[in-house]
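Chemist: From first to last, the protein sequence lines stand for chains A and B. For the first sequence, my numbering begins at 1 and goes up steadily by one. For the second sequence, my numbering begins at 1 and goes up steadily by one.
It is possible that part of the hints are untrue.
As the list claims (entries may be wrong) - Subject to a maximum C-alpha distance of 20 Å in a straight line, what follows is the list of computed SDA-like cross-link-like pairs (lysine to any residue): (1) K78(A) <-> Q94(A); (2) K78(A) <-> A49(A); (3) K15(A) <-> G59(B); (4) K15(A) <-> D40(B); (5) K15(A) <-> G62(B); (6) K15(A) <-> E36(A); (7) K15(A) <-> F36(B).
No wet-lab data here; the hints were simulated from the structure.
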Amino acid sequence: MGGPEIERLIAELVKLPGLGPRSARRIALKLLSNPEKHLAPLSFALSEAARAVRSCSLCGNLDSRDPCSICADPSREKRLICVVESVGDLWALQRTGMFRGLYHVLGGLLSPLNGTGPEDLNVAPLLARIRAGGVEEVILALAATVDGASTAHWLADQLRPLGVTLSRPAQGVPIGGTLEAMDDGTLAAALQARRVV
Amino acid sequence: MSGCGAAKVRQCIEQSGRFSKVEWEAPAIVLDVSPFGESDALAVVLTEAHGRHRGLVRGGSGRRGGAVWQQGNILAVRWLARLADQLGAFTAELAHPTAALALEDPLRLAVLVAACAVAAGALPEREPHPRAFHALMRLIARLPDTEAALTELVRWEVALLAELGYGLDLSRCAVTGAAEGLAFVSPKSGRAVTAKGAEGWEHRLLRLPPFLLNPEAPAQAADWRDGLKLTGHFLARDAFGSHHQPLPAARISLYDRIAALAAANSPTPPHSANPSREP
Numbered sequence: 001m002g003g004p005e006i007e008r009l010i011a012e013l014v015k016l017p018g019l020g021p022r023s024a025r026r027i028a029l030k031l032l033s034n035p036e037k038h039l040a041p042l043s044f045a046l047s048e049a050a051r052a053v054r055s056c057s058l059c060g061n062l063d064s065r066d067p068c069s070i071c072a073d074p075s076r077e078k079r080l081i082c083v084v085e086s087v088g089d090l091w092a093l094q095r096t097g098m099f100r101g102l103y104h105v106l107g108g109l110l111s112p113l114n115g116t117g118p119e120d121l122n123v124a125p126l127l128a129r130i131r132a133g134g135v136e137e138v139i140l141a142l143a144a145t146v147d148g149a150s151t152a153h154w155l156a157d158q159l160r161p162l163g164v165t166l167s168r169p170a171q172g173v174p175i176g177g178t179l180e181a182m183d184d185g186t187l188a189a190a191l192q193a194r195r196v197v
Numbered sequence: 001m002s003g004c005g006a007a008k009v010r011q012c013i014e015q016s017g018r019f020s021k022v023e024w025e026a027p028a029i030v031l032d033v034s035p036f037g038e039s040d041a042l043a044v045v046l047t048e049a050h051g052r053h054r055g056l057v058r059g060g061s062g063r064r065g066g067a068v069w070q071q072g073n074i075l076a077v078r079w080l081a082r083l084a085d086q087l088g089a090f091t092a093e094l095a096h097p098t099a100a101l102a103l104e105d106p107l108r109l110a111v112l113v114a115a116c117a118v119a120a121g122a123l124p125e126r127e128p129h130p131r132a133f134h135a136l137m138r139l140i141a142r143l144p145d146t147e148a149a150l151t152e153l154v155r156w157e158v159a160l161l162a163e164l165g166y167g168l169d170l171s172r173c174a175v176t177g178a179a180e181g182l183a184f185v186s187p188k189s190g191r192a193v194t195a196k197g198a199e200g201w202e203h204r205l206l207r208l209p210p211f212l213l214n215p216e217a218p219a220q221a222a223d224w225r226d227g228l229k230l231t232g233h234f235l236a237r238d239a240f241g242s243h244h245q246p247l248p249a250a251r252i253s254l255y256d257r258i259a260a261l262a263a264a265n266s267p268t269p270p271h272s273a274n275p276s277r278e279p
C-alpha cells in the first residue's frame, strides 16, 4: 500500500481488541491524514503510558504511582477489600462510585481445563495484606461463571482461616430488565437468591 | 451464456451437491468451553447420537452466549458445517441452567465440573456413547441433592469405564469365587475380592464402597472417598493413561475435597492418598 511503516502501523492496530483489518486501516488513515493533530499526541500518550504506568505492588491495579492512587487514598476504607478478576472489573466498580474500600486484582480465574492453577493467580499478596491486619471483610466480586464460582469457592477456603468476613455480590434481575427478556440461568439464580420484602 | 460459462455453472452445481452442508440437532451437555478470539468460544458437548463433539460458538464467550455456554448446562444444540470432518459451528438454546443452579454450592459445583472434565477427557470424539450420555443426564438430574449426586458420580464413572472397555468385574470374588461379602477390588485386574479373600492384602487393594453393589445402601463421605479412589485409579491408568494424559485437575481436586470431608467426619485415617498419585 504505502510502505512498510504504514503496513506495520496497521498490523499493530489489528492486534487491539475490537479492531479488524478494515477498522485498523481506517484508523491508520485518520491518524496519518493529520499527523500533528492526531498521530503526534497519540504517540506521545502511548510512550508516556508505556514509561509511567505500572502494576500496583499492593493490589495489581494499573497506575503511574506505586502504591496506586486507590491504595494511597487515606479516605478509603482499609477494612474492606474487593477481589476482582481484572483491572477492567476494577474500573467497572470504580465507575459506580458505590465502593469506598480497597481492591485486589487476581489477574485471572482458576480454570483446570485451560491449565490455570492457583500459582498463576495474584493470591499470595492478598493473603499477606490480610495477615498484616486491619481487613475485616473481603468481597469476592468474580464472574458468575463456572470458573468464577470455582475460584471464589477456592479463595474462600484459603481466606476463611484468616478470620475475615467473606461476601459475594448478589445475582439477580438487572435494573431496567424484564423477566421475559432474562436468560434462564440468571432467572434461576435470581429465584434462588430471592429475599423477603 | 457461452459454452465455457455453462460448463462452469454445471461444475458449480456438481460441486455444491458434493459439498452439501452437514447439520444435526440434538440435546447436548456442555463439557468444556474455552474462549476463542474476543467473543467467540470453542465448545465441547456430549450428545446421545454424536458423542463428544467440538464446535465453534459465535459469541459464545460474549454477554449473551456466556450465560448459555457454561459447563454442565443442557442445551438444544444445532451443529452446522460445510463438510462432516470440519470443526463446524454450534448454535443453541438453553434447556436447563445446570451451572447457574450449582454455582452457590462448592461441593455441587465441584461434582459437576469433575464429571464434565472426566467426560471431556475420557470419551473419544464423535463416537456415540448413549449410555454415558444418559448416565450423565441422570447425574445432572440428581445434582440438587449433592449427596445423591456424589453417589451417582461414582456410579457414572464405573459405567463410563465399562463403556470405554475397561469395566470392573464386581460380580464375584477373584480369589474365592463367592458373590457375597465383596469388599475390595484388585488395582491390577479390576476384579472384586471378598474381605476373606483379601486377608493380609487389604493395604494393597482398593476398597469397594457398598453403594456400588447395593443401590439401596446408604453412603457417607468415606464411601464416596473410596468410590472416587477406586474409579480414579482405573480412569487414570486406563481411560486417561492410554492417552498419556493425567486425571483432570478438577477430578483430583474433588477427591481431595471429599477425602478432607471424610477425614473430618472420622478419626480413622483414610485408606491411602490421592488416586492420581497412586501407583
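Chemist: Taking the hints in turn, state whether each one holds.
Modeler: So, going through the hints one by one against the coordinates:
{"no.": "1", "hint": "K78(A) <-> Q94(A)", "result": "holds (16 Å)"}
{"no.": "2", "hint": "K78(A) <-> A49(A)", "result": "violated (28 Å)"}
{"no.": "3", "hint": "K15(A) <-> G59(B)", "result": "holds (19 Å)"}
{"no.": "4", "hint": "K15(A) <-> D40(B)", "result": "holds (16 Å)"}
{"no.": "5", "hint": "K15(A) <-> G62(B)", "result": "holds (19 Å)"}
{"no.": "6", "hint": "K15(A) <-> E36(A)", "result": "violated (24 Å)"}
{"no.": "7", "hint": "K15(A) <-> F36(B)", "result": "holds (14 Å)"}
Going through the hint list in order, the structure does not satisfy hints 2, 6.
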